[in-house]
Amino acid sequence: MSLGRFILKRALQGVFVIWGVVTVVFLLRFVTPGDPITFIAPLDASPALRQRIAAELGLNKPLYVQYFDYLAELVRGDMGYSYISGTEASARIFARLPATVELAVVATLVAVALSIPLGVVSATRRHEPADYAATTFSLAGISTPNFWLGIMLVLVLSVQFDLFPTSRRALGFVDALGYLAQGNPNGLIVWAKYITLPAITLGTYFTALITRLTRSGMLDELGKSYVRATRAKGLPESLVRYKHALRNTLIPVITVLGLQLGSLIGGAVITEAVFAWPGLGTLVINSINARDWPLIQGCLIVIGTSFVVVNIAVDALYAYVNPRVVYD
Amino acid sequence: MADDRQSRISRRRYLSLVGSAAAAASVAGCAGGDEIQTPSGDGNGGGNGSGNGGEFAVTITQGQLDSGLDPHDHRETTTDIVLMQAYEGTLDRDAEGKVVPSLAEEYEQVDDTTLRLFVRDGVKFHSGDELTPEDVAFSINRIVNNDVGGLASPQKDQLAGVTEATVVDGERAVDVVSDGVNPVLVSLLASYGDVMQKSWVEGRQKNQINSEVNGTGPFKLERYTEDEEVVYTKFEEYWRDPAAVDRVTLNAAAESSTRVNQLVSGETDIVVNVPPQEVGRINNQGNARVEAVPSTRIIYNAMRYDVEPFSSREFRRAMNYAIDLETIVKEVLSDFADATSQPTLEGFVGYNPDTDIYPYDPDEAERLVEESGHAGASIELHTPVGRYLKDLEIAQAVVGYINELPNVDATVNQRDFGTLAGELTTGSIEDKPHFYLIGWGNETFDASQTLIPLLTSEGVLTSWSNEEFDDLVAQSNAETDENAREQLLRQANQVAHDEAPWIFLNRQYSVYGASGRIEWTPRRDESIKAYSISPK
Amino acid sequence: MVSPRTVRNLKRELGRSALAKVGIALVVAVLLVAVLAPVLAPHHPLKQNLGESQLPPLGFSAVTNETTSEMVNGSIEVVQRERQVDASLSHPLGTDSLGRDMLSRIIYGARTSLLVGLLGTTLAVLIGVTVGLTAGYYGGKVDDGLMRVSDVMLAFPSLVLAIALIGLLGGASLRIPDPIVAAGVEPGMPPNIVLPGTVIVVVALVNWVWFARVARGEALSVRSEEYVKAARALGASDASIILRHVLPNSLTPILVLATIQIAAIILLESSLAYLGFSGANLSWGFDIAQGRQYLSTSWWIASLPGLAIVLAVVGINLVGDWLRDALDPGIEGEGGV
Amino acid sequence: MTDEILRVRGLSTRFFTEEGQVNAVEDVSFDVRNGEIYGIVGESGSGKSVTALSLIDLVDSPGRITAGEVWYRNADLAGEFRETRPEAVDGEFVDVRRLPEGVRRSLRGPAFSTVFQDPMSSLNPSLTVGEQIAEAVEVQRRARANPRRTRSRTQGYGLSNLIVDSVLPSRSYVSEESSERAVELLEQVGIPDPAERAEEYPHQFSGGMLQRAMIAQALAGEPDVLVADEPTTALDVTIQAQILTLLRDLQEREGMSVVMITHDLGVIARMCDRVGVMYAGEIVESGTLADVFENPVHPYTRGLLGSIPDLEDPAPRLQPIEGNVPSLLDSEMGDRCYFADRCPMAMEDCLTRIPEFAVSAGEPQGGVGSDLDGVDDAAGGGNGGAERGDDGTEHRARCVLAEREYDPERALPDGYFDPESAGPPRSADPERRREPEVNADD
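Chains as they are written, first to last, in our numbering: chain A, 1 to 328; chain B, 1001 to 1536; chain C, 2001 to 2337; chain D, 3001 to 3442.
Don't read these hints as lab results, they were simulated from the structure. Fair warning: this is a prediction, and the values are worked out from it, not measured in the lab. Hints are supplied without guarantee of correctness; some may be wrong.
Each computed BS3-like pair below joins lysine-lysine, with the alpha-carbon atoms no more than 25 Å apart [unchecked claim]:
no.: 1; chain 1: C; residue 1: Lys2141; chain 2: A; residue 2: Lys9
no.: 2; chain 1: C; residue 1: Lys2021; chain 2: C; residue 2: Lys2011
no.: 3; chain 1: B; residue 1: Lys1330; chain 2: C; residue 2: Lys2047
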């Protein structure tokens, strides 16, 4: 099977999984106790008014009709209107998405940029102080609840030393770039100041995780015969480590990272809660609390879909970097 | 819609952001914050035409933001504060709570059921159109009539008794008709009933009404980023003098410490709900101050009369004796509250000055529990978290005291406010938790707006039913003589004290942090009007 | 199940790894603290003393600003006074905002964390292993179906799913009598252990997938083994083949994964409690959330319970590393949080 | 003037494991001449592969070369270091182990090159075969482009390069010229369609083809000495023959020297000019092929050869010799002939360490004390450049039988070395004994 067909097949599977996600999310409303009308209708609403509201929202139709209606609307990109504010759910979700994506991307980039060299150093200087420091850090990193880490960072860096803002997002990256286009670099500085603590909070677990994976993977690879053979042909050590051993180390790391995207988003939810970061995480918590079903469903679908899409991308990347993959 | 948003973000967003950043930079000027400085270094440069070096911009940070911008489709103080910058009612209140004219210049009681409002001339909506009596009548009807304005408004009971509003032929006036004697109508109209423009509402979809603003107030909407911020600019054609503030930004931070940090670092000018432990940071910072005022909000623990053990009067009274309210006020609330003895707050019409706060008497409490026959009861107190000043701590303290009784076991159940409020507002007592902490703000300064909805048998939010109490309230509601009405309300409050449908807790203080660069005095009714802010 | 070879590997790895020893020490310590909470806790963990609120831990006595308000001529004046706040020997880790003993709360918090971690993992193992073995053993359509279900489950971040389930279903808790208190040893301590039932079920529901995948992989590899074929030829029932042949082979990787999952679930529980979605009345995450408001005045309320989480989870992770190194179950990566 | 390219003197490599010190290579000395194939033969665990790794300085931690010299003839290098590092220079020879790290690494490729046992695991599975060979060409190309004194051997290659390489193939480490050369090399080792095959990954190759590719890679640096470590062990018998033929042809064509390491006497018989037999980390007997195969002295060698009726028959492999594979743990090795416990002719004399004796030509169990001089010049260190065996005989053995007849009177009793007996204690746990070999062989 060619790479293209492989990806196509994975994409089809992905569509299937997304359909599953949508269905689960849709059904969630019906297993949840409490009539959504109660949250929408005014206090003294008469039964007639309740029925009218139900009719307006299509809640009086049979379940399967509602389901197919929902699917049809979803395909058109329509996630309905917020029960609470009456605004378009999709608009609201996509307005929040950049903040979360920004946070997740920065955290991931920082995590990758720090952890891979750390893991390599740790593996190549085994039993040296650098290794002990890296393993201690990574053990602590995977064992620390990130919300607590965030609070401690605020306590020390914001409350005590006043180096970073304690919360919020002053402006988005795109806005900061807009300032830069006008010749004002301060936008980027402000942006960086606001995103630093949330990104550290979210990224630490992943930095630690990838450091551990890289270290054990590198140790594994460096012990393999081909590394010795590569050294034997006179290649510089940096080439042996990075081009050969690290490349093979990263192949499984990429897969694990794809699977960990879920915990990245989960981590983003709580990080956003800690830093009042206006992203999807705070939106999903608020809408769950308010039983704002169109928003809850929309958020979960967007999160589930991005998970599936990213994993397809990871699979494709995996297939690309790993010639041994059998496309089946 | 999504496309609109995108294109709006593209160019206008940059321009407006530079404008707001410039405003923030002027804040940073005094706070030494980390805001954006333009390369030229003057801190005021920006692309926005209206922005200039002298702009006076103010930011107000609440615990949460609006739930949409339709002034008739919400019931929260937070949304109200967002919208009161742009929408006005027919009547208003001054800082002391006295009723003053607003869009209605005058009012007149035409007969027992009809109040005539004379609509002010020369008032413009932000759309540029003139205010008409039709708009006023439409707005009131939109609230009280589910078939008007495409909305079943949750504010219907805030205009209790009103059946309709009609335009008076040949006059610039509107008749507001009630279903009977309505002694509190003026008071209600002074607090509720924002006026919208009929044609504007009718030409818009629900989601547009929720994301655009067209009022008569001193500020018009510049930018609305849902859940993030609402930015208003001064409405130059306001019927009174234009505001001293050029730009108002409202945003939110759920954590009190976060709000205080924002104030201290100069990111905002007014923050709400400053907990006592954060007061020191504001005062020590030197560039901001703490403003406190007794609010119109009472915090209480409701006990449902229809379930054991709370069906027992003895048990309910025992709960009041069990807690050391004075200590809670002193230690948990650092005296930023007053202890209460009845549902009505001091200074309100109908407040009974002769009832005493329940003393702390655990022995009496234990005895009453035994007497009630519910010794060994397990009770669970549902409480919202972060909604009221120290709500969770108060709940935990109450439960802590109750647990000290050897014959009752109590626990706290932390609830999300939205979910809890949902259960409380279904209109059916069965949906409510048996025992819950909640706060009630009554901006009318009249006991009836507390007693009727919360404690009468038919009240939409009630947890109690008592014939004697119902009778007293009903009589007061039909009583046109003010003194006689006040006496009836006092008696009702005495009954409530004795029967103890609640654990009476505290009157909350509104504790604000305000930056040193603004002149502003907090109000008892919890409203924050940017119109009343001026530079120092 | 536990072969002598396994025991030998465990011992050898333990002998060679100081970290494994530290891990076991930490885990044993946390277990002891959790089990003996009524005996170890100096105070009732819920007992408030409003007069002794926010006492600092030993060694952190300090002068603090005390804020109160006074009514002066109808308006409220904010008053600040300096006050020396001394740590108290009877509250070595200080007290929280209601004067409750931090040490006792942390000791009792260990119970919640471990109960949720152990029971949640057990439930997840039961669900996951049942599904995984079934899928792997039968293969074909059953396998496809169950694995697609697990794909869908994986697409929901466990924290988000847990919040959704608890937020929507509500959090119920069970109370079971504390055997130590019931035995009359420490009559002044809480008589009941509060078991956050919904949380336990939900963490299992969001984490079983990892076990299903491992169990399925093992079942797939064992299915074609000769002895399984032989057993089938001899007419053994599927259930007995799964239990007698397939399950034992999966135990080692599942044990290792379960260890990692206990740590992950403890972190998940603390996150849920932090966000207010836990039915437990004593939880480290909950105390952190409460202490967050007091960061600027009483750092210990939020800091110390977090340290407890870190120590417990470090211990479990070290034990997990030890088991993995010693048993080499061949599973990649960490289970998800 | 000698024609040696390599003189190994007193080489000792030890592994410092948790179980204790493992003496994988102990005091090994031998010479490799220009253009010859020198064979090292031994059972697995005898230390022969570690010897190979020690030659090319690729002993991995926890192993370390603890003593000895590897003298390599290179007039240029000798000239270069004569002033700065006189101790590393002896005539045209340099002691590789005393050269700076960077220079030592630069010798891999042009001086020493290696063909490993299992081609599949010796090539990086995720790079094309062509690229890996081209790398070996490229590193030499770059080395020629920069004089040694000025270049940094660790030309920076970091994470950023990896990312850039992965995204932009044009920015790869390997130049086009090297890639072309790689195809030529593949052709030289007899791979059909070399251009296409160069684009393939190792898993797409058969074992024999892959070993050819490995050889091509080893040839990339035009090495003086090719170390072939069990180059055919992992291959089918028919393929083995092809590979051996290829090696022989290449060796003749390039005129390089080969150190052939194997446990297969047939390979030795077929390929080698001279041979050393290893046992328990030591070379127990060495000499020309004829010396060792026709007049074996050491009972171990005799045991190995016992089943080989005909030198020309390449098929038979090492005949298993009764007894345990020797422990290489220092603590368990004892101070005696390491073979004594398995030796059918062990005598009391064998209970001390045995030096290397020269074996007189034609007198296998030779004349008493025929040549006791020179016995120890290997162990003497220092003057490693000196010639050995000035009497012309190369046949040497670490066995008392080289100088004295077997005397049944002095024989050790049966079971002397059994754990239960009063003899020196030895562990009976075979699993444990195997462990030190993890790095030592295979």
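How the hints compare with the structure:
no. : hint                     : in the structure
1   : C:Lys2141 with A:Lys9    : holds, 18 Å
2   : C:Lys2021 with C:Lys2011 : holds, 11 Å
3   : B:Lys1330 with C:Lys2047 : holds, 18 Å
Of the numbered hints stated above, none is contradicted by the structure.
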